[in-house]
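Protein chains in written order, with this note's numbering: chain Z, 42 to 232; chain D, 42 to 232; chain W, 42 to 232; chain E, 42 to 232; chain S, 42 to 232; chain C, 42 to 232.
No lab work stands behind these hints: they were computed from the structure. Heads up, a few of these hints could be off.
Where chains are identical, the list cannot tell them apart; a pair therefore holds if satisfied intra-copy or between any two copies.
SDA-like cross-link-like pairs, simulated, lysine to any residue; straight-line CA separation at most 25 Å [as the list claims (entries may be wrong)]: (1) K144 x Q154; (2) K152 x E225; (3) K192 x S122; (4) K166 x P155; (5) K136 x E199; (6) K152 x Q124; (7) K152 x Q218; (8) K144 x A163; (9) K151 x H100; (10) K192 x T202; (11) K144 x T224; (12) K166 x D127; (13) K135 x L64; (14) K94 x M121; (15) K192 x A93; (16) K192 x Q124; (17) K192 x H100; (18) K151 x R227; (19) K151 x T224; (20) K136 x Q154; (21) K151 x H206; (22) K144 x L212; (23) K152 x R227; (24) K151 x Q92.
Protein chains: 6
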Amino acid sequence: MTVFQFLTICDKLKRVLRTGWLLRGVPPSSAENVAAHSHTTAILAYLLALQAKESVDFHQLLLMALIHDIPEAETGDIPMSAQRADPSIREAKKKIENIAMQKIVTYIPKKLQPTITAAWSAYCKGTSIEARLVEVADRLATALHAAQLVKTGFPAEEFQTFVDHAVSTVLELQIPQAQEFITELRENFTI
Amino acid sequence: MTVFQFLTICDKLKRVLRTGWLLRGVPPSSAENVAAHSHTTAILAYLLALQAKESVDFHQLLLMALIHDIPEAETGDIPMSAQRADPSIREAKKKIENIAMQKIVTYIPKKLQPTITAAWSAYCKGTSIEARLVEVADRLATALHAAQLVKTGFPAEEFQTFVDHAVSTVLELQIPQAQEFITELRENFTI
Amino acid sequence: MTVFQFLTICDKLKRVLRTGWLLRGVPPSSAENVAAHSHTTAILAYLLALQAKESVDFHQLLLMALIHDIPEAETGDIPMSAQRADPSIREAKKKIENIAMQKIVTYIPKKLQPTITAAWSAYCKGTSIEARLVEVADRLATALHAAQLVKTGFPAEEFQTFVDHAVSTVLELQIPQAQEFITELRENFTI
Amino acid sequence: MTVFQFLTICDKLKRVLRTGWLLRGVPPSSAENVAAHSHTTAILAYLLALQAKESVDFHQLLLMALIHDIPEAETGDIPMSAQRADPSIREAKKKIENIAMQKIVTYIPKKLQPTITAAWSAYCKGTSIEARLVEVADRLATALHAAQLVKTGFPAEEFQTFVDHAVSTVLELQIPQAQEFITELRENFTI
Amino acid sequence: MTVFQFLTICDKLKRVLRTGWLLRGVPPSSAENVAAHSHTTAILAYLLALQAKESVDFHQLLLMALIHDIPEAETGDIPMSAQRADPSIREAKKKIENIAMQKIVTYIPKKLQPTITAAWSAYCKGTSIEARLVEVADRLATALHAAQLVKTGFPAEEFQTFVDHAVSTVLELQIPQAQEFITELRENFTI
Amino acid sequence: MTVFQFLTICDKLKRVLRTGWLLRGVPPSSAENVAAHSHTTAILAYLLALQAKESVDFHQLLLMALIHDIPEAETGDIPMSAQRADPSIREAKKKIENIAMQKIVTYIPKKLQPTITAAWSAYCKGTSIEARLVEVADRLATALHAAQLVKTGFPAEEFQTFVDHAVSTVLELQIPQAQEFITELRENFTI
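Given the sequences, and given the hints that come with them, work out the whole structure.
Right, here's the structure in full:
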């Protein structure tokens with residue numbers, strides 16, 4: 042019911058390590074956490090938006106990027122590999138996160154709830170240009186971090202899947218200005 | 042299809058940090074992983090079994106304890122807090138883990154699969170004395186580790202929930218020989 | 042000169058651990074990094090802004106919060122204690138960060154540079170409502186994280202300075218809606 | 042004198058990091074601990090036993106695997122390199138571990154002690170099929186983990202010694218069903 | 042046979058975490074390593090020496106302090122608790138370390154070996170004022186670090202043993218100028 | 042004003058991780074700290090000094106090596122990359138460190154201050170053979186550690202700059218006996 046309570050939950054995202062890295066052997070002490078990932082996502086979404094042909098609501102875009110992974114403070118980060126192994130796991134994950142978000146939102150003061158709820162709904166729907174930019178930035182930020190890991194000695198093969206996933210998301214959601222980023226991403230994905 | 046492939050998955054459990062500790066601020070570098078937790082669980086289940094009035098199949102008991110968390114190599118450790126927040130999350134988790142286990146078992150050579158599958162099914166069913174001992178040992182091992190964390194300066198309040206959970210499981214599954222353990226657990230849960 | 046190059050620098054913020062925690066004994070593996078801190082700062086600045094009497098440019102506010110610590114990717118996080126020990130260290134730090142930011146901005150594509158530069162200048166100037174909200178959120182987010190550390194067993198005395206610093210910043214920059222946050226912060230600063 | 046006291050010692054194995062990895066530069070936060078290693082050893086010993094021509098006492102085998110490194114909770118993990126550098130260090134290590142185990146066993150309730158003591162003695166003697174399977178599984182599990190480290194970017198040369206050691210143990214202790222595992226191990230020991 | 046080879050071994054001390062901390066629950070990522078401990082020991086020995094009534098050879102003293110734990114690069118840090126549990130473990134440890142040192146010294150260029158060997162022998166003998174100062178500084182530096190850990194929330198009871206050990210060493214080796222240090226140490230050993 | 046207070050500051054160097062490693066992706070849990078680095082520097086300076094043609098004051102040399110980075114307990118480790126990016130950052134860093142050292146020295150008992158102050162001044166001046174040996178050893182120790190990181194899988198290109206820096210310092214400060222070390226360093230800088 043207070044900003045303090047809600048922020049306490051946001052702060053927990055610093056303790057949620059992204060399982061995609063952990064399961065590939067990235068040491069826990071250097072594994073990216075969800076809060077830090079959201080930071081990169083927001084900046085990247087913003088710079089892609091600046092180059093968009095469509096008109097973009099920057100306020101909405103940044104808010105969406107900042108909150109898009111908040112449910113993981115409750116649910117943890119269910120590995121992408123499990124989600125891909127079986128579509129029903131992906132469905133279960135979405136459901137779990139939605140339940141968690143509904144609970145988390147109740148911690149915000151009542152009159153501030155609608156802004157957050159609206160941004161979350163728009164992100165989940167995924168059709169607006171803001172939602173698509175955030176989704177694409179989410180994948181690209183992950184692939185970018187994979188490239189940094191490869192640069193520190195992790196084998197490219199093990200992390201190639203993150204690039205592939207980013208590429209297909211860019212195509213599917215039609216964000217042409219991400220093309221240059223992908224080109225460089227690929228160039229940087231070896232050592 | 043080979044022992045090597047299956048063991049490669051088991052080895053991943055060393056990289057799955059238990060989220061209950063992480064979310065309470067235990068540093069990733071000292072957070073218990075699932076493989077290590079399974080080791081304590083197996084020894085504790087064994088010592089409880091030695092004191093059981095019923096006849097216990099030690100072979101089955103130990104096998105069950107060793108494999109009971111293997112699906113988490115695929116799914117990660119979905120926090121207990123999320124499960125308790127909403128019963129449907131608990132259901133989704135069980136379903137996700139079952140799908141994961143069915144996939145993992147296919148990595149074992151065919152002729153060895155039935156032994157593992159049988160132990161997993163019996164554990165999931167949860168009615169045999171072996172399954173109940175493993176379930177109780179699972180909770181008690183977690184509470185024991187919580188007590189060690191409290192001894193190193195973590196505040197008892199934050200971890201009390203693990204003791205409560207262990208106590209109610211012991212009662213529910215009727216393992217009277219665990220009583221002494223619980224008494225000491227409580228005595229050790231302060232500093 | 043590309044979004045990719047600039048984001049590569051942003052990604053480094055995940056490797057810059059905040060020295061205030063390290064020097065007080067927080068283990069490196071759980072020490073907050075600058076990217077994660079910026080995420081909390083942005084959300085907190087946003088919720089404070091929603092409650093402001095003045096009209097706030099949310100787009101500017103969020104951008105400012107996201108970039109306010111980017112120079113630390115080059116300079117590291119010079120401890121606050123050193124800054125307070127001698128005013129000339131504080132001056133040197135500001136100068137160092139400004140030089141670093143000027144260099145970092147050159148990595149962004151030319152036509153996107155003015156937006157980032159303008160937000161940085163406004164933040165450094167510190168007079169606009171957006172800049173003041175970010176500054177206050179920066180301090181409160183740090184104090185909030187200190188409170189989480191205290192909850193996991195770190196002694197309150199050692200971290201009290203962060204609360205004091207936040208309180209004086211709120212007063213100085215006149216952000217009355219932060220008062221409720223501070224009240225709760227103080228209540229949560231013991232165990 | 043109680044199960045709780047004994048388990049408290051077992052729990053310490055989670056804090057004993059294996060020095061073979063640390064000395065080769067594996068970060069402490071991802072270095073395998075002795076409890077987790079014992080878990081892999083037990084599962085591997087079991088699957089090798091399922092394929093044995095001899096009759097195997099699975100109960101004894103699993104118990105032995107679970108306890109074979111318990112003394113390291115007291116003595117730490119003396120590096121294999123030191124042991125190989127001088128035979129008298131190997132002898133001293135064995136002696137130290139035996140003294141430690143005799144002390145640790147006294148923590149178990151009296152009537153449960155003989156089971157543990159018997160398993161430990163049989164393991165130390167090393168002649169029974171169960172003891173030989175555990176010894177082989179111990180080496181293979183270590184080499185398997187080395188292979189996982191190599192997959193995350195550690196250079197194969199530095200860890201080749203663990204494969205060699207496993208191979209010679211398999212030959213010496215005559216566990217033919219481990220041959221397939223070794224073949225795959227070798228195939229996986231490059232990147 | 043070269044300075045480079047010898048220094049490569051010294052560099053390994055950074056990877057040898059002190060087991061006394063690990064076994065008491067200090068996270069691996071913040072556990073003191075042997076190289077860092079030797080640094081504190083050298084400075085402390087030096088300051089105690091400056092206050093000595095006897096004439097002290099500072100060159101010898103500092104050299105001794107810098108090398109006194111080098112064998113642990115080979116042997117690891119065998120826990121003090123194990124040594125105290127049984128005197129024969131303490132003897133075995135000394136023997137192991139001496140064998141290791143003799144091997145390590147062979148890596149230094151021949152003409153530089155005698156200086157190192159002489160300092161090591163004098164340290165082991167333990168009668169000279171330099172050797173006694175290093176021994177005392179070794180214990181006091183350990184107790185000082187324990188005090189820092191207690192200040193970050195670790196319970197004083199668990200680490201009291203290090204203070205006791207330091208106090209008895211100071212008395213036994215008769216270093217009266219360490220008294221002030223001990224007084225402050227005790228005052229700082231609570232929170 | 043007491044040895045205890047001064048040593049408490051020295052102990053903090055164990056918490057100052059060297060940013061050169063962190064920014065290149067070395068996990069915090071295995072990143073070298075300043076205390077451990079000073080230990081290697083001291084031993085290396087000593088062995089170079091033993092081979093010097095000039096007469097060297099070993100007492101001064103070792104003291105200088107032990108204290109040369111103490112100000113970083115207050116200022117943290119400002120990255121070399123930032124210093125090279127702009128000469129004025131390098132100047133600011135020197136100034137900051139000098140201010141910090143002047144403050145730190147006041148913690149030592151008055152009568153012991155001159156010894157430390159004199160060694161610090163001589164090191165800063167940088168002209169004596171002792172100061173030059175410490176400066177060279179500082180660079181070589183850093184490059185040596187880089188070589189160890191490369192051996193554990195970090196890419197040589199990313200760390201080559203440390204070798205180059207060491208080489209140019211050796212030439213500039215004219216320490217010919219370091220040549221052999223550099224030759225081996227280069228040979229070891231690949232895998």
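> How do K144 and Q154 come out at 25 Å by Cα distance, when the copy is not named: within, between, both, or neither?
Replying inline: within (11 Å within a copy, 40 Å between copies)
> Can you tell me if K152 and R227 fall within 25 Å by alpha carbon in one copy, between copies, both or neither?
Replying inline: For K152 and R227, the Cα distance is within 25 Å only across copies (24 Å; inside one copy 45 Å).
> Between the shortest in-copy and the shortest cross-copy C-alpha distance, which are at most 25 Å for K144 and L212: within, between, both, or neither?
Replying inline: neither (34 Å within a copy, 30 Å between copies)
> Should K192 paired with S122 be assigned to within, between, both, or neither, using CA atoms and 25 Å as the limit?
Replying inline: Answer is both: 23 Å inside a copy and 18 Å across each meet the 25 Å cutoff.
> Between the shortest in-copy and the shortest cross-copy C-alpha distance, which are at most 25 Å for K136 and E199: within, between, both, or neither?
Replying inline: Neither. Shortest intra-copy (29 Å) and inter-copy (28 Å) distances fail the 25 Å Cα cut-off.
> Using 25 Å as the alpha-carbon threshold, which applies to K192 and Q124: within, between, both, or neither?
Replying inline: between (27 Å within a copy, 23 Å between copies)
> Can you tell me if K151 and R227 fall within 25 Å by alpha carbon in one copy, between copies, both or neither?
Replying inline: between (46 Å within a copy, 23 Å between copies)
> Between the shortest in-copy and the shortest cross-copy C-alpha distance, which are at most 25 Å for K151 and Q92: within, between, both, or neither?
Replying inline: between (36 Å within a copy, 12 Å between copies)
>> When Cα atoms must be at most 25 Å apart, do K144 and A163 count as within-copy, between-copy, both, or neither?
In response: within (18 Å within a copy, 35 Å between copies)
>> One pair to classify: K151 and H100, alpha carbons no more than 25 Å apart. Within, between, both, or neither?
In response: both (20 Å within a copy, 23 Å between copies)
> Taking 25 Å as the upper bound on the Cα-Cα distance, should K152 and E225 be classified as within, between, both, or neither?
Replying inline: between (44 Å within a copy, 19 Å between copies)
>> Within a copy, between copies, both or neither: which one fits K151 and H206 at a CA-CA cutoff of 25 Å?
In response: This pair counts as neither: shortest intra-copy Cα distance 38 Å, inter-copy 29 Å.
Hints 5, 6, 14, 15, 17, 21 and 22 from the list above are not met by this structure, while the remaining hints are.
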